Amino acid sequence: MPASRLWVVDVYGRVFSLSTAGQQWEQCRDAQMEFKRVTAAQQCCWGIACDNNVYLNVHASDLPIRYQEETYENQRWNPIGGFSDHLLPSDRWQWSDITGLKHQPLDSFELPSSSWEWEGDWYVDENFEGEPTEKEGWTYAIDFPAFYTKNKKMTSCVRRRRWLRYRRYKDMDTWAKIPSPQMETPDPFSDISCGGWEISEEPRGRLSLWAVSLLGKVWFRVGIYHHNPEGSMWEEVSVPGEVLQISCGPGDLVWAVLWEGQLIVRQGITRDCSKGTSWVEVESPSPDVGATHVAVGINTVWALTKDNKVWFRRGVDSHNPCGLGWISMVGEMITINVGLNDQVFAIGCEDRAVYFRQGVTTSELSGKTWKAISVPRDGDRSHSSASTNSLQSAGCFFSGEVRAHDSFISELISDREPAKTLREGGSAGPAVPEEEETLPSEGEVKALCADVAICPSQSGGPLDPQWSNVDLEEAQGQLAQTGAALDAADTSSLSSVATYTLAMEDPYGTDEHPLWAWVSGGGCSVDSHSHLNWFNSVNTSSLVGSVQSMSLSVTSAQTAAWRQQIFEQLTERTKREMDNFKHYEQAIEQSVWVKKGTMQWWRDWKPYKWIDVHFALEQFSGPEGNKDGILFIYYNFYEEKKYLHAFVNELTILVPVLNESKHTFAIYTPERTKQRFPIRLAAATELEMHDWLALLSVSCCHSRGIQGPPSKQAIWSITCKGDIFVSEPSPALEAMPYPTPCDQMFWRQVGGHLRMVECNTVGIVWGIGYDHTAWVYTGGYGGGFFQGLASSTDNIYTQTDVKSVYIYENQRWNPLEGFTNRGLPTDRYMWSDASGLHECTKTNMKPPSTQWTWVSDWAIDYSVSGGTDKEGWQYAADFPVFVFVFLRRKCKLTTTGPWQEIPPIALSDVTILPCTAQSNVDEVPLWAISNKGDVLCRLGVTALTPAGSSWLHVGTDQPFKSISIGAASQVWAIARDGSAFYRGSVSPQSPAGDCWYHIPSPSKQKLRQVSVGRTSVLTVDENGNLWYRQGVTPSYPQGSSWEHISNNVRKVSVGPLDQVWIIADKVQGSHSLSCGTVCHRLGVQPVEPKGILWDYGIGGGWDHITVRGNSMEPPRVRLPSLTDASAPAPRSPIPFRNMEVNSSAGDS
Amino acid sequence: MADDKDVLRDVWFGRIPTSFTLNQDEVTEREAEPYYLLLPRVSYLTLVTDKVKKHFLKVMRAEDVEEMWFEYEGTPLKWHYPIGVLFDLHASNTVLPWSITVHFKNFPDSDLLHCPSSSVVEAHFMSSIKEADALKHKSQVVNDMQKKDHKQLWMGLQNDKFDQFWAMNRKLMEYPTEEGGFRYIPFRIYQTMSDRPFIQRLFRPVSPEGNVHTLGDLMKEMDPAALPNDGEPKRYQVVIHGIEPLLETPLQWLSEHLSHPDNFLHICVIPTPTD
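Listed in order, the protein sequences are those of chains U and H.
Per full-length UniProt numbering, the first sequence starts with residue 1, numbered consecutively.
Per full-length UniProt numbering, the second sequence starts with residue 1, numbered consecutively.
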């Protein structure tokens, strides 16, 4: 799980956050003032500060928020001066927007707020529909509202060009004030709540932000989306009474509490109307006691009443936002908040601790119990424990700037603080420890001082000092050394400041705990399965050393001494008790072990159908101790008992084919792969299927002597179901001219669920899920249904993926009623799948398999290419009496595998340099494309730290979709418009290169994907053609022209040996046709880089392959040329229609 | 780095080299050669000594043969303790091979249970597994298993099939993550210096405060005398499978990885050898 944060405000107005992976509250160091309330989303946090202004804290991301401004320069030809600025009076402005209606000269563009900066100056866009333009970006037309071409013609009377300039949001990770004109919001805000990011398909960043003013009015912030995180203005929303507090969920729920104690629910919130339309009133949970507080999630509403009782609203969902009735819950809370996944946080009435509601699941939204989050604050122990913390504090707690104290609280007490003098005379720049407490009141101050005074006498040893007067000039050095205090007398003459933390008041830290005032879980991604370290914090000061180490959680156990001891002693024991006695007889003789079961088998002959069979696996140990086995399928054929068998060492792959009706899996042998007709079996239950698969898989691996994690050279592939397989290549795989046929490759499954995977030769593997989440391979194996022995204990993590399932609602027009769902008998179903052949209604449509669960309701998909009308209807182009609407529902899968998430940027493609790194710490170039089309470069990726550290954004003028880096750091990419780009000057010194060179695509083709090997550059276009880049040389890396290799190609992967592997779209087997087949190009060699013919491997149903890890040089065999008559005939005819080689598409 | 799965393998494939010598009082037709065997630590004496019996029967007359039993330096060996436990308890820190005396007469009824066939071992083994699961999961896992699953556990042990055994046993080792471990840890503590056969009480893997219990915590609670006092030389060794895990080893981890196939963590407290 990626780390995300829970935000809280304490009673003194300080903002803290707690990471889901963390074990302490971290103070938001940037907050220069006290906050009253905060409301968090995953990408940002909004707050109301004590100066009553609204502040926004956008969390830093490696992907900048940048916005492209554009304007058009228009010119008309006239016979005297040629093209000039002199336009006809009827023409558009000389500088205008794309429509020509709006006048916008370059200097009319202004930054929206002080949080923005320009990235550079205006420049001319020289691309036109994927082609480079000449002549300074001008495009030509007969007259203005017309089609433009890049070439000047005789009839070209007007021309225009596009100017671009980027601006960037710069105030990341700091609280930026949202300017608010007085007229907009006459009275200050008292409450704020953000949400609504799930009601539309907009990329992350779109928010609904609601606020309540002191006079009880409600305001809605208009125009918050990714490119405009601040929003544009406040709009008042009329309310039926005076509102006290408001809560907005991630979806379409918005509830508010009125001063009189009733609640109001916003109605009519939709994708097009995030503000909603009207309010409906709901009575207070208790007739006598009014509600004071409400918190809503996606399908959940919680409320508090004046007596601090907690209430849960039954039956809430987006169809019924008001719910059905109140249920009283245990606990007394002062505030409550619902975070992501409908998880609930609250602050206790008595102890002011933050409580997490445990056991909240989609089926049990009310959860089970309240559990207090008991972790220390980051400042709590920094001075009270040993020097390691102080070391850290030297770097973290001292900033180079003098802090501005503009808050009312510190002003109250500022005359008491020695720091005041420092601040006034602070131009010399001594650092003020940010840790310095802002004190709540004078009474408190006295109390604290009293405690401080007695502390030194209580403490001793490593706990010293409890408080200190630290010379700020020398503070860093002092703390770094020992953390010891200087004698107060020595430093009191210097400008110094008393620093102490709350923990100092009580060296045992037991009864002192923070008092919280406000909590916001909107950015905190936890669910009932999350493993949190929030509750088991150990009270270290009261425990002796040996006990501390046992509090190590199991996650950190692998490094623990006890574990090491057990490993070492077991090895020692083996040596002691067994090494000298190997000649002794074993007490138990090895024997054959048979596992039997009953299954259904998709029989081999027509008519194909499922028949009941007995299934048995016989395992035995071979003479050398290697295990082997035979698989038997016993069936009846016309009353006669027959069987089919397969040797375990011949099986090449086991593929689970879960679907909603049967728990089936397919078994392939090389022969079955050729036939495209595997042995298909169905188990009675999913569990049984997984047991068999795990057992067979272990058995196959045993018989082939494979164990442990995949090697660095491994070939990775992914099926259309998202299952991940790896194969260990042998040197013979790329041998010339007799490579191992690729139907003999053995594939084993690795846990997890991905859409694509990329690897390189040093064992760095990245994957991308269906939900575009990036994952890095952790070095483990197993996971998924491989539990127990077939899976490593370490490096297996929970992985989730989300994908969408689509159905269509179809309607036919008839003259009487217009469009209705009454069709003709010959029509497709009124509810159908994409083909229209299968009926799919909202209720009968199930998730793809039992592993998937629905996580959203059916919603109309507006993001269809070609566009939809306002209600989502699309009109059939050829047959306009027919319309259809696309409905989408998201489903989620949770599994385990050797993958760890790399938040937060969603990716659509990734590529890793197939290098031969000299050491584990050499940085490896890794490039990626975000799902918005940004090009990114990952920094800090090494064999030891495959996840890297941060993203570097590489500017482009248009969104990209595919990228690949070759062995010599040559980076090629494909833009969304289908043209190719080459990145110049990429080197270890300049990992991001300098500029993009536009490479035209093959004529009339839009490219889709690119893969670059050692020298070869291959691309696949939208029509499934595979192209080879001709003329690539070290001095001219862009090459000269595209040459056609093949059609029917879905994806290509070029390895570091320039080996070419593809996923082919259609391959004919002897029994059936398969789509999505792994194919290997044979005959690829330096003189023949395009190869000669295809060899067919596993498939169909394959979606992705990467051979970029395999740099195993084949054994050198000297043989006559391939065309020699003795060479083997192609093992199967090439089904591809041979196409004319297209060599005319060059750009040179 | 070694994986935790390797520990399971090491535990399972632990072997004790043993020499079986016929008791001198037994009447033989000719002199009986000692018989050497690698005994699996996790199995039971009567389950793996068919070969021993066959070997000595060759030199004995049928009428002189009663139920076979074993003795080490005067102590009758209880077959219903795992072999590794018997060795650690009585013979650790001695020279290998382990020298066991075989008897065919004078069965010590007061010390040993009779074991007429391997089905008695099976019954004992399965009842241990069920008892352990009652402690770990209120018997929910073992009761959900089918008869053939029980058989698979037993056959795995009987035929020394690690994969077969663990394919099923892993289910007995699962627990809900939010609970941090089993309900109670099934363990038995054996002491050579005590008349009690063993200590077995309820003990949770996690304290009420949420701290992970360790081997040290368990010993402190059950047998504080076994722990060394500050400044004194160590008087006792706490031995599991012939090794001495550190006292800070989490108990839950031990239960998952160092339990015998019967799902109990067998802990031997033996005096530190004085050399």
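Treat the hints as calculated values from the structure; they're not laboratory data.
Warning: the hint list may mix true and false statements.
Said to hold, decoys possible - Listed next, with one range per pair, are the computed distances between beta-carbon atoms:
#1 H:Lys51 to U:Lys606: 50 to 58 Å
#2 U:Gln358 to H:Asp6: 54 to 62 Å
#3 U:His614 to H:Ser117: 46 to 54 Å
#4 U:Cys720 to H:Asp6: 30 to 38 Å
#5 H:Met126 to U:Gly779: 33 to 41 Å
#6 H:Asp6 to U:Gly933: 43 to 51 Å
Since we're looking at a predicted model, the values are computed, not measured.
Even glycine gets a Cβ: it sits at the ideal position worked out from N, Cα and C.
Original post:
Which of the numbered hints are not met once you compare them with the structure shown?
Top reply: 2 and 3
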